[in-house]
Amino acid sequence: MTVNIIELSGICKSYGRGAEEVQVLKNVSLSVASGDFVAIVGPSGSGKSTLMNTIGLLDTPTSGTYVLDGVATEKLSEGQLATLRNKKIGFIFQQFNLLPRLTALENVELPLIYAGVPKSERRERAKRMLESLGMGERIGHRPNQLSGGQQQRVAIARALAGSPSLLLADEPTGALDSKTGAEVLDLIIRLNEQGNTIVLITHDLQIAGHAKRVVSIRDGEIVDDRRNAALPEQAVTV
Amino acid sequence: MNVLELVVMALRTIMSKPMRTLLTMLGVIIGVGSVTTLVSIGQGTTAKIEAQYENLGTNLLIVNLLGNGRATQLDYDKLMKLEILPEIESIAPSVSKNGSNVKYDRTSETYNVIGTNDRYFSLMKIDVERGRALVPADNEFRSNVAVIGSEVAETLFGFADPVGQDINIDGIVFTVVGQLKSKGSNIGGTSPDSSVFVPLETARRAFRLGQIRTTYLEAPDADRLTEAQETITQYLTYQFKSSNGFRVSNQEELMNARKEAANSLMSQLISVALISLLVGGIGIMNIMLVTVSERTREIGIRKSIGAKRHHILTQFLMEAAVISGLGGLLGLMLGVAASLIWPLVNPNQPTQLSIEVGIYAFIFSVLVGIVFGLYPANKASRLKPIDALRFD
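Residue numbers (our numbering), protein chains in the order written: chain A, 44 to 281; chain B, 813 to 1204.
In short, the hints are calculated from the structure, not lab data. Glycine included, every Cβ here is placed at the ideal spot set by N, Cα and C. Some clues are possibly wrong.
Rough simulated footprint, nothing fancy, chain A against chain B, three-plus residues with beta-carbon under 8 Å [as the list claims (entries may be wrong)]: (1) 820 to 828; (2) 1113 to 1121; (3) 1187 to 1201.
No more than 30 Å apart at the CA atoms, straight line, and that leaves these computed lysine-lysine pairs for BS3-like [said to hold, decoys possible]: (4) B:Lys-1053 - B:Lys-1071; (5) B:Lys-1196 - A:Lys-118; (6) A:Lys-162 - B:Lys-1196; (7) A:Lys-69 - B:Lys-1196; (8) B:Lys-915 - B:Lys-890; (9) A:Lys-170 - B:Lys-829; (10) B:Lys-909 - A:Lys-130; (11) A:Lys-162 - B:Lys-993; (12) B:Lys-937 - B:Lys-860; (13) A:Lys-255 - A:Lys-69; (14) B:Lys-993 - B:Lys-860; (15) B:Lys-1196 - B:Lys-860; (16) B:Lys-829 - B:Lys-1191; (17) A:Lys-170 - A:Lys-118; (18) B:Lys-890 - B:Lys-937; (19) A:Lys-130 - A:Lys-118; (20) A:Lys-130 - B:Lys-993; (21) B:Lys-890 - B:Lys-1053; (22) B:Lys-937 - B:Lys-909; (23) B:Lys-860 - B:Lys-890; (24) B:Lys-915 - B:Lys-893; (25) B:Lys-893 - A:Lys-162; (26) B:Lys-829 - B:Lys-1196; (27) A:Lys-162 - A:Lys-222; (28) A:Lys-69 - A:Lys-130; (29) B:Lys-1191 - A:Lys-118; (30) A:Lys-222 - A:Lys-170.
Computed footprint of chain B on chain A, listed as stretches where at least three residues anywhere in the stretch have a Cβ under 8 Å from a Cβ of chain B [as the list claims (entries may be wrong)]: (31) 58 to 68; (32) 98 to 108; (33) 238 to 248.
Using the sequences and the accompanying hints, generate a full structural model.
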């Protein structure tokens, strides 16, 4: 039996009021099973960013229900949402979003600090996480001393540090050249193979082709939802 | 994160922009520096006043005659009879002439001339360096003899012995019979060091000084001071048939009055300095607002990975407190340095540093940071993660 990590039903999101009202999400329902790798694709303005913010608990829907890993989210306070983000979601952003004044190690420690993990333990965990992603040599470097690909690895390590139930990646290769982009995508595929549930937002159908399931969104509605028949066995090319 | 980690984090953040941090601190540095300096000057002044009165003893009463005319005249011999009372040890009536021209050989200088009796010197705890002090006979025979203060001796005679020499006071010749030891203290503007003492009756006649204006009395001990004060008040009230026209004050009252005057001036100056601390606080608030808007994206990132409102609030409050606390420490160092240098520039103005003041100044400066950091930190903590993340 598979457990659903994400259960969205009847999600609507609109901005503005009256005649000015713009509906960005129209009655979106989506379930993502544990261990799945879902790509959400759509052109810009399709509502995919709003959907990702909703899934990431960064934004609240106007109506509809969202159950994340068994927790109903619609009645939670700001602080409870922060805790949920901390424990259940690992964010991977297009622009990496590392804090420039902190070292790689300190960036990875950050979610553990907010989770209240004691200093020595979180230092150890962050270090191991960086090592497992091949960044063990650079734990003392600051983001501006690292290449784009290295920064994204640090960001992925940070996303994984709190052992979340869901990895939420927003155009993770968008700011990288094709070679490093392919490496990062490879890494994400490997993480899925290790059992991590992944939701990847992209406008690039080729990247989406590496996911197990592709959900297409257009004008705030899901227009297509299909499983990729077979994943290519060879190395990913972008 | 424990407090130490938060402080270290805040230090790292503010040190990434050292110039801005220093300029932000400046208001607090100047505020705390000037408060520290002023308080140490104030305490130095108080200590100095206390030392002066200590020097005179605490058994002293001062009677000032305020009125003119026959109704409020004091007869020397009648007054001296009060010495038989057990609560009165000794009495030294005095007259004085400020700005007398004192001349020896070709040197002349302006000094105060005080006409009094032999009791004066023991009463004021002034010792003789050379020769002798005044004796009762000087007054009885209205001799033209003078006892000079240490400064007078130094100016007129240098290191030579003045005893036996003739000096000229406002055209009248006096023979110096003694030189006093330096007292150093300075009560009410006149120091015995720069005074010339002559017999009371001689002074009254020679300089036409009229009646006794000031009389010093000494009680045998501090316990009987109040009793002596009551006795002399009753006596004068009986003599003058009125309780007006004279004032009897003891050392403590005089000391407190002077201390109060010094303190009120100080507290006004300190409140001005506190205003600059307030202005420093506003400067911190201003910069913290800039910092919060510059770091909106950072706040968004932190919130997206699980920071709650209180985490963000603590982070920014800590930065404001560290800026102002560090400013407070620098200001304290500046104030201590100024307090140590001040007496070198201005020898008559001692300063006194106290650890207490340092601790208060530091705590106060940290509080300034917290109070003025509250608004920016609260603003930062209220940012919605989604809005903060979109910010570039």
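Here's how the hints hold up against the structure:
Chain A is given as covering the stretch 820 to 828 of chain B, and this holds because 3 residues of the stretch bring a CB closer than 8 Å to a CB of that chain, at least three being needed. Given as covered by chain A, the stretch 1113 to 1121 of chain B passes the check, having 9 residues with a CB less than 8 Å from a CB of that chain where 3 are the minimum. Interface restraint, the stretch 1187 to 1201 of chain B with chain A: holds (3 residues with C-beta to C-beta distance below 8 Å; minimum three). For a cut-off of 30 Å, the pair hint linking B:Lys-1053 to B:Lys-1071 is broken: about 33 Å separates their Cα positions.
For the proposed pair B:Lys-1196 and A:Lys-118, the alpha carbon gap of about 17 Å is at most 30 Å, so the pair holds. Of the pairs offered as hints, the one joining A:Lys-162 and B:Lys-1196 holds, with about 28 Å between alpha carbons and a cut-off of 30 Å not exceeded. The straight-line distance between the Cα atoms of A:Lys-69 and B:Lys-1196 is roughly 23 Å, inside the 30 Å bound, and the hint therefore holds. The straight-line distance between the Cα atoms of B:Lys-915 and B:Lys-890 is roughly 35 Å, outside the 30 Å bound, and the hint therefore fails.
A threshold of 30 Å between alpha carbons decides the hint, and for A:Lys-170 with B:Lys-829 the separation of about 29 Å falls inside it, so the pair holds. The straight-line distance between the Cα atoms of B:Lys-909 and A:Lys-130 is roughly 91 Å, outside the 30 Å bound, and the hint therefore fails. The suggested pairing of A:Lys-162 with B:Lys-993 is violated, with an alpha-carbon distance near 71 Å, which exceeds 30 Å. Simply put, B:Lys-937 and B:Lys-860 have alpha-carbon atoms about 17 Å apart, close enough for the 30 Å limit, and the pair holds.
The suggested pairing of A:Lys-255 with A:Lys-69 holds, with an alpha-carbon distance near 25 Å, which does not exceed 30 Å. Annotation: proposed proximity of B:Lys-993 to B:Lys-860 holds, straight-line Cα distance about 20 Å (limit 30 Å). With a C-alpha separation of about 60 Å, the suggested pair B:Lys-1196 and B:Lys-860 falls outside the 30 Å cut-off, and the hint is violated. Pair hint B:Lys-829 plus B:Lys-1191 holds up; C-alpha atoms about 22 Å apart against a cutoff of 30 Å.
Using a Cα cut-off of 30 Å, the hinted pair A:Lys-170 and A:Lys-118 is violated, with the two alpha carbons roughly 36 Å apart. For the hint pairing B:Lys-890 with B:Lys-937, the CA-to-CA distance comes to about 25 Å; that is within 30 Å, so the pair holds. Between A:Lys-130 and A:Lys-118 the CA atoms are separated by roughly 18 Å; this keeps the pair inside 30 Å, and the hint holds. Our distance criterion of 30 Å between C-alpha atoms is broken by A:Lys-130 and B:Lys-993, whose separation comes to about 84 Å.
Straight-line distance between C-alpha atoms of B:Lys-890 and B:Lys-1053 comes to about 16 Å, which keeps the hinted pair within the 30 Å bound. Taking the CA atoms of B:Lys-937 and B:Lys-909, the gap is about 22 Å. The hint holds against a cut of 30 Å. Taken as a hint, the B:Lys-860 and B:Lys-890 pair is broken in the structure, with Cα atoms around 37 Å apart against an allowance of 30 Å. This hinted pair does not check out: B:Lys-915 and B:Lys-893 have alpha carbons roughly 36 Å apart, beyond 30 Å.
Straight-line distance between C-alpha atoms of B:Lys-893 and A:Lys-162 comes to about 87 Å, which puts the hinted pair past the 30 Å bound. Distance hint between B:Lys-829 and B:Lys-1196 is fulfilled; the C-alpha atoms sit about 26 Å from each other, no more than 30 Å. The hinted pair formed by A:Lys-162 and A:Lys-222 fails the criterion: a straight-line CA distance of about 36 Å is larger than 30 Å. With a C-alpha separation of about 28 Å, the suggested pairing of A:Lys-69 with A:Lys-130 holds against the 30 Å cut-off.
With a C-alpha separation of about 24 Å, the suggested pair B:Lys-1191 and A:Lys-118 falls inside the 30 Å cut-off, and the hint holds. Pair hint A:Lys-222 plus A:Lys-170 holds up; C-alpha atoms about 26 Å apart against a cutoff of 30 Å. Counting residues of the stretch 58 to 68 of chain A whose CB lies closer than 8 Å to any CB of chain B gives 0, which falls below the minimum of 3, so the coverage claim is violated. Given as covered by chain B, the stretch 98 to 108 of chain A passes the check, having 3 residues with a CB less than 8 Å from a CB of that chain where 3 are the minimum.
Counting residues of the stretch 238 to 248 of chain A whose CB lies closer than 8 Å to any CB of chain B gives 0, which falls below the minimum of 3, so the coverage claim is violated.
Hints 4, 8, 10, 11, 15, 17, 20, 23, 24, 25, 27, 31 and 33 from the list above are not met by this structure, while the remaining hints are.
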